[in-house]
Amino acid sequence: DSGVTQTPKHLITATGQRVTLRCSPRSGDLSVYWYQQSLDQGLQFLIQYYNGEERAKGNILERFSAQQFPDLHSELNLSSLELGDSALYFCASSGRGEAFFGQGTRLTVV
Amino acid sequence: EDKVVQSPLSLVVHEGDTVTLNCSYEVTNFRSLLWYKQEKKAPTFLFMLTSSGIEKKSGRLSSILDKKELFSILNITATQTGDSAIYLCAVEASDSGTYKYIFGTGTRLKVLA
Chain A
1060 DSGVTQTPKH
1070 LITATGQRVT
1080 LRCSPRSGDL
1090 SVYWYQQSLD
1100 QGLQFLIQYY
1110 NGEERAKGNI
1120 LERFSAQQFP
1130 DLHSELNLSS
1140 LELGDSALYF
1150 CASSGRGEAF
1160 FGQGTRLTVV
Chain B
8 EDKVVQSPLS
18 LVVHEGDTVT
28 LNCSYEVTNF
38 RSLLWYKQEK
48 KAPTFLFMLT
58 SSGIEKKSGR
68 LSSILDKKEL
78 FSILNITATQ
88 TGDSAIYLCA
98 VEASDSGTYK
108 YIFGTGTRLK
118 VLA
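Quick mapping for you: the protein sequence lines, in order, are chains A and B. The numbers in this note's numbering rise by one with no breaks, and the one at position 23 of the first sequence is 1082. The numbers in this note's numbering rise by one with no breaks, and the one at position 68 of the second sequence is 75.
So that you can see chain A by itself, here it is in the shape it has in the complex (with noise of 0.2 Å):
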């Protein structure tokens, strides 16, 4: 158990909807990064928030938004979803030295 808790573990849903991914990172840690794997993929690397501001942006399509929370807790929401945007959804978190990463949401959009 890595300590980071990501929630739902599945998610099934039609295009044109807007779901939230929700992310605890391990106790202590400021640093939040979202990730996305489609199948077969590496790991696309789509934002990074710390202590509650963002830092980082990188493949993140303007649908997709996060934030981070005064309780470190981050959240990734995603709207107007297509089939394209169906995949793992990773949150890892870090302080200082490797990050842990959660079990990811599979995300299926239908």
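Careful: at least some of the hints might be erroneous.
Simulated pairs of lysine to aspartate or glutamate, DMTMM-like, Cα-Cα distance not exceeding 20 Å [what the hints assert, rightly or not]:
id, chain 1, residue 1, chain 2, residue 2
1, B, 10, B, 33
2, A, 1116, B, 9
3, B, 44, B, 62
4, B, 44, B, 90
5, A, 1068, B, 24
6, B, 75, B, 8
7, B, 117, B, 24
8, B, 48, A, 1157
9, B, 48, A, 1060
10, A, 1116, A, 1088
11, B, 74, B, 24
12, B, 63, B, 76
13, B, 64, A, 1157
14, B, 10, A, 1134
15, B, 10, B, 102
16, A, 1116, A, 1134
17, B, 44, A, 1157
18, B, 74, B, 9
19, B, 74, A, 1157
20, B, 44, A, 1060
21, B, 63, A, 1157
22, B, 63, B, 73
23, A, 1116, B, 33
24, A, 1116, B, 8
25, A, 1116, B, 102
26, B, 47, A, 1060
Partial selection, computed: residues in chain B whose CB lies under 8 Å from chain A [claimed, not checked]:
id, residue
27, 48
28, 52
29, 55
30, 59
31, 95
32, 109
33, 110
34, 111
35, 113
Derived, one-sided and incomplete: chain B residues facing chain A with beta-carbon distance under 10 Å [unchecked claim]:
id, residue
36, 13
37, 34
38, 37
39, 39
40, 45
Read the hints as simulated data drawn from the structure, not as lab findings. The beta-carbon is built from N, C-alpha and C at its ideal position, and this holds for glycine as well.
With chain A fixed as given, assemble chain B onto it according to the hints.
Quick look at chain B alone, frame taken from chain A:
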């Protein structure tokens, strides 16, 4: 633009073989290089390398970093079917006082019995 490139993309070997996975990088403000193993779900941490030329070892796995040539290798000796996974290389870089991780696309290793 920061990038991490892994090779090969995919590898199939028989049990007992030795494999070498490569990771090259171009990153500003390099801090460390990390290797992860991803089986079914979340990547799990293997090694963190910060200094050139110092081998890190854990059982049959070992890794070394060359900061001059900007690459790292991950060796797995006497491979077993349980080594089948995607091996991810990531570089940690400092960015305005915080840190970010840039991942390669991974090497998919399949070990046949």
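So, going through the hints one by one against the coordinates:
1. B:10 / B:33: 5 Å, holds
2. A:1116 / B:9: 13 Å, holds
3. B:44 / B:62: 18 Å, holds
4. B:44 / B:90: Judged against 20 Å, a Cα distance of about 9 Å means the pair holds.
5. A:1068 / B:24: 36 Å, violated
6. B:75 / B:8: 19 Å, holds
7. B:117 / B:24: 11 Å, holds
8. B:48 / A:1157: Satisfied, since the Cα-Cα distance of roughly 18 Å is no more than 20 Å.
9. B:48 / A:1060: Holds, at about 12 Å.
10. A:1116 / A:1088: 19 Å, holds
11. B:74 / B:24: 28 Å, violated
12. B:63 / B:76: OK: residue 63 (chain B) and residue 76 (chain B) at ~18 Å, within 20 Å.
13. B:64 / A:1157: Within the cut-off at roughly 17 Å; holds.
14. B:10 / A:1134: 26 Å, violated
15. B:10 / B:102: Since the Cα atoms of residue 10 (chain B) and residue 102 (chain B) sit roughly 15 Å apart, the hinted pair holds (cutoff 20 Å).
16. A:1116 / A:1134: Satisfied, since the Cα-Cα distance of roughly 15 Å is no more than 20 Å.
17. B:44 / A:1157: OK: residue 44 (chain B) and residue 1157 (chain A) at ~13 Å, within 20 Å.
18. B:74 / B:9: 15 Å, holds
19. B:74 / A:1157: With Cα atoms ~18 Å apart, residue 74 (chain B) and residue 1157 (chain A) stay inside 20 Å; holds.
20. B:44 / A:1060: 15 Å, holds
21. B:63 / A:1157: Holds - the C-alpha atoms of residue 1157 (chain A) and residue 63 (chain B) are around 15 Å apart, at most 20 Å.
22. B:63 / B:73: 13 Å, holds
23. A:1116 / B:33: Holds, at about 18 Å.
24. A:1116 / B:8: 13 Å, holds
25. A:1116 / B:102: Holds. Residue 1116 (chain A) to residue 102 (chain B) sits at ~12 Å (cutoff 20 Å).
26. B:47 / A:1060: 14 Å, holds
27. 48: 5 Å, holds
28. 52: 5 Å, holds
29. 55: 5 Å, holds
30. 59: 19 Å, violated
31. 95: 7 Å, holds
32. 109: This interface hint holds because 7 Å falls under the 8 Å limit.
33. 110: 4 Å, holds
34. 111: 6 Å, holds
35. 113: 5 Å, holds
36. 13: It holds, given that the least Cβ distance between residue 13 (chain B) and chain A is near 8 Å, below 10 Å.
37. 34: 13 Å, violated
38. 37: Residue 37 (chain B) check fails; min Cβ-Cβ to chain A is 15 Å, beyond 10 Å.
39. 39: With a closest approach of 8 Å, the residue 39 (chain B) hint holds.
40. 45: Hint on residue 45 (chain B): holds, closest Cβ of chain A at ~8 Å, below 10 Å.
Of the numbered hints given earlier, the model fails hints 5, 11, 14, 30, 37 and 38; all others are met.
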